[in-house]
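Undergrad: Below, each chain spelled out in residue letters.
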Amino acid sequence: MSVITYRQALRDTLRAEMVRDENVFVMGEEIGLFEGSYKITEGLLKEFGPRRVRDTPIAEEGFVGAAVGAAMLGLRPVVEIMTINFSLIAIDQIINHAAKIYGMFGGQTSVPMVIRTPGGGGQQLGATHSQNIELFYSFVPGLKVLAPSTPAEASAMLRAAIRDDDPVLLLENLGLYNSKGEVPDDYAEPSNDDVATIGRAKVTREGSDITLIGYSRMAMVATQVAEQLAEEDIDVEVVDLRSLRPLDRQTFVDSVKKTGAAVICEDDWLTYGIGAEIAASIQEGAFDYLDAPVRRVAMAEVPMPYAKPLETAALPSIESISTVIKETLSAVGKRVG
Amino acid sequence: MSEIQMPRLSDTMEEGVISTWVKNVGDKVTSGDVLVEIETDKAVMEYEAYEDGYLVKQTVSEGETVPIGAVIGVIADSPDAVPEDSGAGDADEPEPDKEEQAEKAEEITEAAEGSEAERTSAAPEPAEDGPRPRTSPLARRLAREYGLDITKIKGSGPKGRIVRADIEAARERGTEETEHAVEAKEEAKPSAERAVSAPAFDDGRDSEELQVSNVRKVIARRLTESKQTVPHFYLRRTIDAEALRAFRSQINGQLESTGVKVSFNDLIVKASATALKLHPAVNTSWVDGRLLRHHRINVGVAVAVESGLVVPVLHDTDKATLSEISTRTRDLAGKARDGKLKPQEMSGGTFSVSNLGMFGVDSFSAVINPPEAAILAVGAMRQEPVVVDGEVVVRNRIALELSVDHRAVDGAVGAAFLKDLAEILEEPMRIIL
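Line by line, the protein sequences are chains A and B. Position 126 (the first sequence) corresponds to 126 in this note's numbering; numbering is contiguous. Position 405 (the second sequence) corresponds to 405 in this note's numbering; numbering is contiguous.
FYI, nobody ran anything at the bench for these hints, they're computed from the structure. One or more hints might be untrue.
[Unchecked claim] Computed cross-link-like contacts, DSSO-like style, restricted to lysine-lysine with a CA-CA straight-line distance of at most 27 Å:
id	chain 1	residue 1	chain 2	residue 2
1	B	K159	A	K258
2	B	K154	A	K326
3	B	K152	A	K257
4	B	K154	A	K257
5	A	K39	A	K180
6	B	K335	B	K319
7	A	K257	A	K326
8	A	K180	A	K202
9	B	K154	A	K258
10	B	K342	B	K319
11	A	K326	B	K159
12	B	K217	B	K154
13	B	K335	B	K217
14	A	K257	B	K159
15	B	K227	B	K217
16	B	K227	B	K419
[Said to hold, decoys possible] Residues on chain A that point at chain B, a partial pick, calculated with CB under 7 Å:
id	residue
17	G260
18	F287
19	D288
20	Y289
21	L290
22	D291
23	V332
24	G333
Ideal Cβ positions, reconstructed from N, Cα and C, are used throughout, including at glycine.
Work out the full structure: start from the sequences and follow the hints.
TA: Okay, here's the thing in structure tokens:
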């Protein structure tokens with residue numbers, strides 16, 4: 001085991017996959033000469049040349065559309081959209097083309113492409129560059145949406161996304177790129193076949209008092225919340241959703257059946273958000289096991305402010321999540337510190 | 001807080017007189033407790049509380065007459081609750097419902113920033129029959145699994161919501177109380193049986209919950225109370241029914257033109273009344289540490305109806321003729337089957353007869369119907385070999401079993417009564433003497 005950053009896990013895995021399969025190529029804005037706005041494509045142009053590492057114009061609809069076509073003809077494009085906010089320009093290509101072609105044309109061709117794109121606020125990038133709109137894609141059948149929260153998961157999920165025959169959106173997070181974690185020693189080997197199973201959530205920390213559910217950056221925050229509350233003798237079980245579509249309801253429903261209470265934390269907006277789907281699934285699957293209403297902690301319902309104190313206030317925090325957990329636990333008569 | 005209204009205790013009742021307040025202001029009231037005695041156009045009847053709480057107000061004082069529906073008192077959760085003044089007969093029910101609905105809606109949206117429209121759509125349907133206790137789904141499921149009555153459990157969650165912790169605590173208390181009994185029972189059971197004896201109420205696959213009628217609730221409550229609080233003892237005696245058969249044929253022959261047909265049960269009911277007249281010590285009730293001797297002999301006849309068991313009462317059984325008893329019993333049993341028995345036709349019993357002979361039951365032990373002191377269980381008439389004058393002969397016989405409340409009647413007294421009853425039935429002319 002070695003400890004590396006989320007960024008390096010992605011970069012090295014991408015390189016390994018390019019070595020393994022010459023049909024894999026990358027495309028996006030400033031990914032070649034500049035080596036990527038977040039340095040995920042560092043060194044790739046030098047190693048693989050401009051045929052497989054293609055800088056594109058600032059034209060998301062165009063290069064995502066080009067990737068759909070390339071995938072239909074047998075290549076395995078990995079498109080970088082600089083942030084998920086810019087995917088809005090390409091949303092027709094993603095939803096009306098990438099997601100539909102396999103089904104609409106009788107399975108004549110699949111679309112084995114990957115869109116890598118980071119979400120996440122908290123970087124003072126303003127209202128248009130700080131959104132978490134993965135919900136738009138998680139909503140659409142025909143797409144797969146993965147949301148790794150650790151370097152090891154990022155590596156295994158990127159590998160799975162590239163090898164999957166359907167269009168996959170890999171949700172990265174600006175706040176996670178510098179986070180560190182253990183990865184297997186051979187994570188960067190082209191021969192590594194450790195492919196994440198798409199559509200599986202995971203209990204990342206076992207606990208008995210309450211289930212805390214998150215994904216991407218909020219899965220990491222959830223773990224921090226659990227560790228902090230453990231010092232107050234509150235035993236939190238953490239579920240990392242990992243895959244937003246397909247959604248693994250079984251794992252979190254089973255967890256709630258065990259604990260009897262659930263809190264969902266999400267970086268997106270509360271109303272109609274991912275958490276709403278999770279909460280609905282919990283009441284469908286574990287109604288008779290709920291001892292308290294399911295609560296959600298989400299971003300404030302505002303366009304993200306630029307000012308740092310306001311931005312911080314708008315996002316869920318360890319404190320706001322802890323407060324809601326304690327409120328829920330006191331509602332079911334559990335002693336809270 | 002809920003208002004108690006003057007109930008309609010008979011079909012013909014229009015107003016009632018508060019005869020006696022059994023509960024005083026400030027008294028704790030448990031569902032089933034007698035609150036007040038009400039005099040109707042027919043009788044004085046006990047009126048029970050339907051909920052737990054404290055009697056905080058008597059709106060109508062003893063001796064006063066008010067129409068049906070008028071508020072006669074108020075029950076509240078706390079003894080200090082101050083009831084608002086409300087005129088007699090006021091019917092303002094929707095108020096609490098609305099409040100509760102709003103509260104529920106509020107609770108649902110308290111985590112979110114619900115708009116008015118969302119709040120309305122998120123509000124659950126109001127409960128149909130009275131306020132339902134706030135409970136978490138988990139608490140409801142556990143209460144079902146543990147066989148606990150959730151309405152008897154106090155909630156510690158927000159707005160009194162009953163949560164898992166409350167159910168576990170209630171179960172703990174219940175377990176402590178019955179621990180020894182359960183342990184003893186478990187030990188006696190073979191382990192295989194124990195493994196399958198756990199109630200399987202989880203999802204309706206193995207068991208389903210049925211609607212419980214009021215009759216069944218009353219049966220459950222009264223018979224539990226009887227078996228738990230009345231020390232029963234049992235006296236058994238088999239009678240020779242040859243003379244009774246002959247007597248019945250003779251009577252029915254004489255009554256043929258009237259259309260009345262006297263049954264064996266009618267004869268036993270009448271014989272019981274005759275025997276009770278000889279043994280007034282059995283025609284008694286032990287009530288709250290007091291022994292009451294009843295001057296009237298009112299024999300109840302257990303009747304099985306679709307909704308359960310009812311016991312219509314033949315008032316002044318001792319004064320009725322056999323044909324009257326036959327006619328009245330048939331009439332009451334018919335009403336019982338149609339659910340048309342009036343309360344006064346089911347109250348005032350001083351002794352009961354339960355006959356399962358028609359089902360071929362040899363003999364059985366009946367549960368006393370409080371506050372009566374005894375009940376007679378009658379088995380089937382059977383041909384049996386018996387020794388008469390040194391010869392084995394076949395005779396028709398009936399097994400009787402008398403269940404007696406030992407608080408009111410001692411063994412020898414009960415035995416003397418049963419002896420006379422048996423002898424009357426064996427010399428049936430005495431029934432009508």
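Undergrad: Would you check the hint for B:K342 and B:K319, treating anything up to 27 Å between C-alpha atoms as holding?
TA: 22 Å, holds
Undergrad: Between A:K257 and A:K326, does the CA-CA distance stay at or below 27 Å?
TA: 19 Å, holds
Undergrad: Do the alpha carbons of B:K154 and A:K326 lie within 27 Å of each other, as the hint requires?
TA: 22 Å, holds
Undergrad: Just to be careful: measuring from the Cβ of A:G260 to every Cβ in chain B, is the smallest value less than 7 Å?
TA: 5 Å, holds
Undergrad: Has the given pair, A:K326 with B:K159, been kept, meaning a C-alpha gap of at most 27 Å?
TA: OK: A:K326 and B:K159 at ~17 Å, within 27 Å.
Undergrad: Has the given pair, B:K227 with B:K419, been kept, meaning a C-alpha gap of at most 27 Å?
TA: Holds, at roughly 25 Å.
Undergrad: Let's test the interface hint: is any C-beta of chain B closer than 7 Å to that of A:D291?
TA: Constraint on A:D291 satisfied, holds at 4 Å.
Undergrad: Would the hint linking B:K159 and A:K258 be met if the CA-CA limit is 27 Å?
TA: 25 Å, holds
Undergrad: Does A:L290 hold up as a contact with chain B if the rule is Cβ-Cβ below 7 Å?
TA: At about 5 Å, which falls below the 7 Å cut-off, the nearest Cβ of chain B leaves the hint on A:L290 intact, so it holds.
Undergrad: Does the interface hint hold: is A:Y289 within less than 7 Å of chain B, judged Cβ to Cβ?
TA: Holds, because the Cβ-Cβ distance from A:Y289 to chain B comes to roughly 5 Å (cut-off 7 Å).
Undergrad: Checking one constraint from the list: CA of A:K180 to CA of A:K202, max 27 Å. Satisfied?
TA: Roughly 19 Å separates the two Cα atoms, so the pair holds.
Undergrad: Take a quick look at whether A:K39 and A:K180 sit within 27 Å of each other, Cα to Cα.
TA: With Cα atoms ~16 Å apart, A:K39 and A:K180 stay inside 27 Å; holds.
Consistency with the previously given hints is maintained throughout, with no hint failing.
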